[in-house]
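Participant: In order, the protein sequence lines correspond to chains H and Z.
Number 152 in the numbering used here belongs to position 152 of the first sequence; there are no gaps in the numbering.
Heads up: take any position in the second sequence, counting from 1, add 1000, and you land on the numbering used here.
By construction, these hints were calculated from the structure, which means they are not laboratory data.
Check before you lean on any hint, since a few could be wrong.
[Claimed, not checked] Below 20 Å or equal to it, Euclidean Cα-Cα: the simulated SDA-like pairs (lysine to any residue) are:
#1 K75/H x A1103/Z
#2 K1063/Z x D1264/Z
#3 K75/H x L1013/Z
#4 K75/H x T1105/Z
#5 K1162/Z x F1100/Z
#6 K75/H x S1220/Z
#7 K75/H x M1233/Z
#8 K1063/Z x S1220/Z
#9 K1162/Z x G1178/Z
#10 K75/H x A1005/Z
#11 K75/H x D1264/Z
#12 K75/H x R1008/Z
#13 K1162/Z x Y1259/Z
#14 K75/H x V1190/Z
#15 K1162/Z x L1098/Z
#16 K1162/Z x I1135/Z
#17 K75/H x F1261/Z
#18 K75/H x Y1259/Z
#19 K75/H x D1009/Z
#20 K1162/Z x S1220/Z
#21 K75/H x G1006/Z
#22 K75/H x L1017/Z
#23 K75/H x R1004/Z
#24 K1162/Z x M1233/Z
#25 K1162/Z x T1271/Z
#26 K75/H x F1100/Z
#27 K75/H x H1010/Z
#28 K75/H x V1267/Z
#29 K1162/Z x L1173/Z
#30 K75/H x L1098/Z
#31 K75/H x K1162/Z
#32 K1162/Z x I1128/Z
#33 K75/H x R1104/Z
#34 K75/H x F1262/Z
#35 K75/H x R1179/Z
Chain residues, written in single-letter form:
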Amino acid sequence: MAYPFAMAIYYSLSSSVIGRGGGFVGLANFQALLADGTFRQTLQNSIVFTTVAVTVKTVLGVMLALILYRRLRLKRLVRGLVLLPFVIPTALSTLGWLWMYDSLYSVITWTLNRVLLAPLGLGPLEVNWLGSPTLAMAAVIVVNIWRGLPFFAVTVLAGLTAIPTEFYEAAAVDGAGRWGRFWYVTYPLLRPVLAVVVLFSTIFTFADFNIVYVLTRGGPQESTHLFATLSHALAFESLQLGRGAAVSLFMFPVLVAVVVLQLHYLQREETRHA
Amino acid sequence: MPRRAGLRDHVGLVPYLFFILFPIYFMVLTAFKTDRELYDLQAIPFWIRDGVSLEHFRHLFFKTNFPRWLANSLVVASLTMAISVAISILAAYSLARLRFPGARTFGIAVFITYLVPPTLLFLPLTQIVTWLGLIDSLGALVLTYPTFLIPFCTWLLLGYFKTVPREIEECALVDGCGRLGILFRIVIPVAVPGIVCAMLFAFTLAWNEFLYALTFTNASVTKTVTVGMAAEMIRGDVFHWGGIMAGAVAGALPVVIMYVFFMDYYVVGLTAGSVKG
């Protein structure tokens, strides 16, 4: 008896949400958006933000996982520390970054001036990290990388641990060097895990809200707006609820495309290995 | 056995650890500095010169709504954790064991819901919350958080329940135990680690949630820690960085403490979603 009841509750929760979402958006809203400059800017921002952040996270994540895989000193402590950015609430840690990017008291600018430029006799530089479109985008991406790196490192590490060490031994016998072992053993066996991790990260990076909201609110000149922040701004600052909903729903086809692509890729991988 | 790490690996780790830890170190440092030192451009920002000060924490706890926000977060996270994990146990068990029409489809549906980011749903949810008259109450959060917690916990537990051998359950069935009896007397005790993991994740995700809390609450007294800090302390032109960092540190502390004690569960939960999938 408890079971169908639970199912009913659960079902009502998830489907009602999606059902209502489809209720108040027509295609007209989408067309209007496509003609809108801010929206196109947001689309471009989202693509840049997602591509750069996910690529860097993948590369750094794999490299970090490869180090963590070795038998390190204080291994547990190191692994524990690496996961911290994931555990700390993003909204709160981003406040820390906001302070580090402060236009006057930025510790990054301070270090740049005092440690790097002053010894070279170069004058103090004033950098407003969140003030120019390019810098602001870079700043937002850095925070996203900081936040997402632990997820990559830890999941890739789990993938690495699943690779039988005999493979490496065999490769070593065949005369494979450091690179050879990575390229012919690690990488092919890691690919399915990587595909899933990249899928997850692409979706959640693309749909990111917290970092941009706290750091820039989409500015300067809409240069860091993502779908989620634009949708929030339209709905609650300009009170155009329908527009905002259309923007957020615009994420849906893009996400579906990503999921389908990834699943397709995974399936092909599976049939190739079978 | 993986290779023992050499000096090169340890050196290679340094930039990563610096990148990961410096922001955290700097937040903690700022929270304990005096305002005079914070805004002194001659002071070296990497350590505390004028002595540790608790003024920001004192201000935060006695002059702002911060304690209220902490309490709100605690209530919402605990309640949603309990609700979500309870429902997820039932859902995951039935998906793992019972054969009913559409079970497979339902399993896939859970996975897909898990992939739908909250940022896609917050506007329709606003409508629902408004219809129910829950806007600006903690009830709104207790109702909406399970929408992303249940798919996650169900997915996590599903993998766990599948590892419980069917034979034990069949023995119990033969001995006259009902389905629910099996669930409570056999499956749940065996799956305790998985359930603890789901509880930890549910609590952490609920505690860290920002968008729904930002959207569904307006009054200061109904805010959670994340929203209270990010939306209320960042206001106007003058930022009180010491206070903001003190709040960020204090607001993150509960989940960090939990994490320190249950680190291994977090690793399991984090990898379960992607590696098993």
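Participant: Evaluate each hint against the coordinates.
Facilitator: Evaluated hints:
Of the supplied pair hints, the one linking K75/H and A1103/Z is violated, its CA atoms being roughly 42 Å apart against a limit of 20 Å. Among the hinted pairs, K1063/Z with D1264/Z is inconsistent with the structure: their alpha-carbon atoms are about 38 Å apart, more than 20 Å. Between K75/H and L1013/Z the CA atoms are separated by roughly 11 Å; this keeps the pair inside 20 Å, and the hint holds. The hinted pair formed by K75/H and T1105/Z fails the criterion: a straight-line CA distance of about 41 Å is larger than 20 Å.
At roughly 16 Å between alpha-carbon atoms, K1162/Z and F1100/Z fall within 20 Å of each other, so this suggested pair holds. Under the criterion of a C-alpha separation no larger than 20 Å, the hint pairing K75/H with S1220/Z is inconsistent with the structure, at around 43 Å. Between the alpha carbons of K75/H and M1233/Z the distance comes to roughly 38 Å, so the proposed pair goes past 20 Å and is violated. Distance hint between K1063/Z and S1220/Z is fulfilled; the C-alpha atoms sit about 13 Å from each other, no more than 20 Å.
Using a Cα cut-off of 20 Å, the hinted pair K1162/Z and G1178/Z holds, with the two alpha carbons roughly 19 Å apart. Proposed proximity of K75/H and A1005/Z is supported: the alpha carbons are some 10 Å apart, at most 20 Å. For the hint pairing K75/H with D1264/Z, the CA-to-CA distance comes to about 13 Å; that is within 20 Å, so the pair holds. Of the pairs offered as hints, the one joining K75/H and R1008/Z holds, with about 15 Å between alpha carbons and a cut-off of 20 Å not exceeded.
The straight-line distance between the Cα atoms of K1162/Z and Y1259/Z is roughly 26 Å, outside the 20 Å bound, and the hint therefore fails. The suggested pairing of K75/H with V1190/Z is violated, with an alpha-carbon distance near 29 Å, which exceeds 20 Å. Distance check on the hinted pair: K1162/Z and L1098/Z sit about 12 Å apart at the alpha-carbon level, within 20 Å; holds. With a C-alpha separation of about 39 Å, the suggested pair K1162/Z and I1135/Z falls outside the 20 Å cut-off, and the hint is violated.
At most 20 Å may separate the alpha-carbon atoms for a hinted pair to count; K75/H and F1261/Z meet this at roughly 16 Å. Taking the CA atoms of K75/H and Y1259/Z, the gap is near 16 Å; set against the 20 Å cutoff, the hint holds. This hinted pair checks out: K75/H and D1009/Z have alpha carbons roughly 12 Å apart, not beyond 20 Å. The suggested pairing of K1162/Z with S1220/Z is violated, with an alpha-carbon distance near 45 Å, which exceeds 20 Å.
Distance check on the hinted pair: K75/H and G1006/Z sit about 13 Å apart at the alpha-carbon level, within 20 Å; holds. Distance hint between K75/H and L1017/Z is fulfilled; the C-alpha atoms sit about 13 Å from each other, no more than 20 Å. With a C-alpha separation of about 11 Å, the suggested pair K75/H and R1004/Z falls inside the 20 Å cut-off, and the hint holds. As the CA atoms of K1162/Z and M1233/Z are separated by approximately 46 Å, the hinted pair breaks the 20 Å bound.
Of the supplied pair hints, the one linking K1162/Z and T1271/Z holds, its CA atoms being roughly 17 Å apart against a limit of 20 Å. At most 20 Å may separate the alpha-carbon atoms for a hinted pair to count; K75/H and F1100/Z exceed this at roughly 46 Å. With a C-alpha separation of about 11 Å, the suggested pairing of K75/H with H1010/Z holds against the 20 Å cut-off. Taking the CA atoms of K75/H and V1267/Z, the gap is near 14 Å; set against the 20 Å cutoff, the hint holds.
The straight-line distance between the Cα atoms of K1162/Z and L1173/Z is roughly 18 Å, inside the 20 Å bound, and the hint therefore holds. About 42 Å separates the Cα atoms of K75/H and L1098/Z, which puts this hinted pair outside 20 Å; it is violated. Restraint check: the Cα-Cα separation between K75/H and K1162/Z comes to about 31 Å, which exceeds 20 Å; the hinted pair is violated. Only pairs whose Cα atoms come within 20 Å are accepted, and K1162/Z paired with I1128/Z is rejected, the gap being roughly 35 Å.
Restraint check: the Cα-Cα separation between K75/H and R1104/Z comes to about 40 Å, which exceeds 20 Å; the hinted pair is violated. The suggested pairing of K75/H with F1262/Z holds, with an alpha-carbon distance near 16 Å, which does not exceed 20 Å. Proximity of K75/H to R1179/Z is assessed by CA-CA distance (about 43 Å); at most 20 Å being required, the pair is judged violated.
Going down the numbered hints, you'll see the structure goes against 1, 2, 4, 6, 7, 13, 14, 16, 20, 24, 26, 30, 31, 32, 33, 35, while the others check out.
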